[in-house]
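My request is simple: use the sequences and hints to build the entire structure.
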Amino acid sequence: DAGVTQSPTHLIKTRGQQVTLRCSPKSGHDTVSWYQQALGQGPQFIFQYYEEEERQRGNFPDRFSGHQFPNYSSELNVNALLLGDSALYLCASSLIQGDNEQFFGPGTRLTVL
Amino acid sequence: GEDVEQSLFLSVREGDSSVINCTYTDSSSTYLYWYKQEPGAGLQLLTYIFSNMDMKQDQRLTVLLNKKDKHLSLRIADTQTGDSAIYFCAAPYGGYNKLIFGAGTRLAVHP
Chain A
1 DAGVTQSPTH LIKTRGQQVT LRCSPKSGHD TVSWYQQALG QGPQFIFQYY
51 EEEERQRGNF PDRFSGHQFP NYSSELNVNA LLLGDSALYL CASSLIQGDN
101 EQFFGPGTRL TVL
Chain B
114 GEDVEQSLFL SVREGDSSVI NCTYTDSSST YLYWYKQEPG AGLQLLTYIF
164 SNMDMKQDQR LTVLLNKKDK HLSLRIADTQ TGDSAIYFCA APYGGYNKLI
214 FGAGTRLAVH P
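If you're matching them up, the sequences are chains A and B in order.
Counted from 1, the first sequence has number 56 at position 56 by this note's numbering; the numbering is strictly sequential.
Heads up, this note's numbering is the position in the second sequence plus 113, with the first residue counted as 1.
No lab work stands behind these hints, which were simulated from the structure alone.
Among the clues, some could well be false.
As the list claims (entries may be wrong) - Restricting the straight-line Cα-Cα distance to at most 27 Å, the calculated cross-link-like pairs of lysine-lysine (DSS-like) are:
(1) B:183 / A:26
(2) B:149 / B:181
(3) B:169 / A:26
(4) B:183 / B:169
(5) B:169 / B:181
(6) B:149 / B:169
Unchecked claim - Computed list of chain B residues with no C-beta within reach of chain A, every gap over 12 Å:
(7) 168
(8) 191
(9) 192
As the list claims (entries may be wrong) - Partner residues are not named here, just some residues of chain B that face chain A (Cβ under 10 Å, in silico):
(10) 119
(11) 144
(12) 148
(13) 199
(14) 201
(15) 202
(16) 203
(17) 205
(18) 206
(19) 207
Owing to the predicted nature of the structure, the values given are computational and were not obtained by experimental measurement.
Ideal placement from N, C-alpha and C gives every residue a C-beta, glycine not left out.
What follows is the structure, given as structure tokens:
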């Protein structure tokens with residue numbers, strides 16, 4: 001049973017560029033949440049997707065957007081990259097019916113130069 | 114408001130017990146979580162506790178919950194060098210249970 005997978009593993013971009021990160025949830029899970037973890041800090045909630053819609057959003061600007069596909073996989077898009085967007089981006093999947101136990105992927109390390 | 118706080122660093126000798134503490138503000142969910150993160154890796158769910166429980170034991174791990182004081186702790190018995198990592202306490206908030214994490218406690222285990 002594959003766990004949560006994310007791609008790419010690492011990414012280097014320059015300021016002003018746009019980036020797309022991808023996540024495949026654990027088999028059987030229908031909900032995907034995205035988190036940003038800056039160096040030395042705990043993860044911060046970006047948003048959550050269920051039934052292809054954004055259900056809840058954290059304190060992140062509109063430059064951060066996402067999408068969920070019919071197969072439950074998800075993308076995180078960040079436009080107009082800033083140096084401060086450099087971080088580990090974590091995807092977590094869970095089942096809407098249940099105890100909300102969230103399983104995390106290995107993350108995508110984004111470096112903005 | 115939504116806030117989870119942890120001490121930032123803990124150093125223990127191999128074989129001793131480690132206790133990592135966490136405090137949280139009101140949480141909307143019935144579960145509280147402990148995650149482990151090794152260098153360069155994602156988050157691994159270690160254990161969680163249902164909010165109507167005071168204690169949960171899982172092999173070397175013991176979780177204690179004091180709901181009155183909003184205090185959660187994780188005890189690792191017989192700590193090993195492989196336990197060296199960052200440990201995060203997480204509490205769900207909001208109707209859709211977004212997780213709010215503490216800053217993490219870095220556990221260093223020395224011989």
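Verification of the supplied hints:
Distance check on the hinted pair: residue 183 of chain B and residue 26 of chain A sit about 31 Å apart at the alpha-carbon level, beyond 27 Å; violated. Straight-line distance between C-alpha atoms of residue 149 of chain B and residue 181 of chain B comes to about 26 Å, which keeps the hinted pair within the 27 Å bound. This hinted pair checks out: residue 169 of chain B and residue 26 of chain A have alpha carbons roughly 26 Å apart, not beyond 27 Å. Between residue 183 of chain B and residue 169 of chain B, the direct Cα distance comes to roughly 16 Å. Compliance with the 27 Å bound is thereby established for this hinted pair.
With a C-alpha separation of about 17 Å, the suggested pair residue 169 of chain B and residue 181 of chain B falls inside the 27 Å cut-off, and the hint holds. In summary, the hint linking residue 149 of chain B to residue 169 of chain B is supported, as the alpha carbons are separated by about 17 Å, within the 27 Å threshold. No Cβ of chain A approaches the Cβ of residue 168 of chain B within 12 Å, the least distance being about 18 Å, so the stated non-interface status holds. Residue 191 of chain B, annotated as away from the interface, keeps every beta carbon of chain A farther than 12 Å; the closest lies near 26 Å.
Listed as outside the interface, residue 192 of chain B is consistent with that label: its C-beta sits roughly 22 Å from the nearest C-beta of chain A, beyond the 12 Å cut-off. Because the smallest distance between the Cβ of residue 119 of chain B and any Cβ of chain A comes to about 8 Å, under 10 Å, the interface hint for this residue holds. Given the 10 Å rule on beta carbons, the hint for residue 144 of chain B holds: about 6 Å separates it from the nearest Cβ of chain A. Taken as an interface hint, residue 148 of chain B checks out: its beta carbon lies about 7 Å from the nearest beta carbon of chain A, inside 10 Å.
This hint holds: residue 199 of chain B has a C-beta 9 Å from the nearest C-beta of chain A, less than the 10 Å allowed. The restraint placing residue 201 of chain B at the interface with chain A holds, with a minimum CB-CB distance near 6 Å, inside the 10 Å limit. Evaluation of the residue 202 of chain B hint against chain A yields a held restraint, the C-beta minimum of about 9 Å falling below 10 Å. Given the 10 Å rule on beta carbons, the hint for residue 203 of chain B holds: about 8 Å separates it from the nearest Cβ of chain A.
Contact between residue 205 of chain B and chain A, as hinted, is supported at the beta carbon level, the nearest pair being about 6 Å apart and thus within 10 Å. The restraint placing residue 206 of chain B at the interface with chain A holds, with a minimum CB-CB distance near 9 Å, inside the 10 Å limit. A hinted interface residue such as residue 207 of chain B counts as satisfied when its beta carbon comes closer than 10 Å to some beta carbon of chain A; here the least separation is about 6 Å, so the hint holds.
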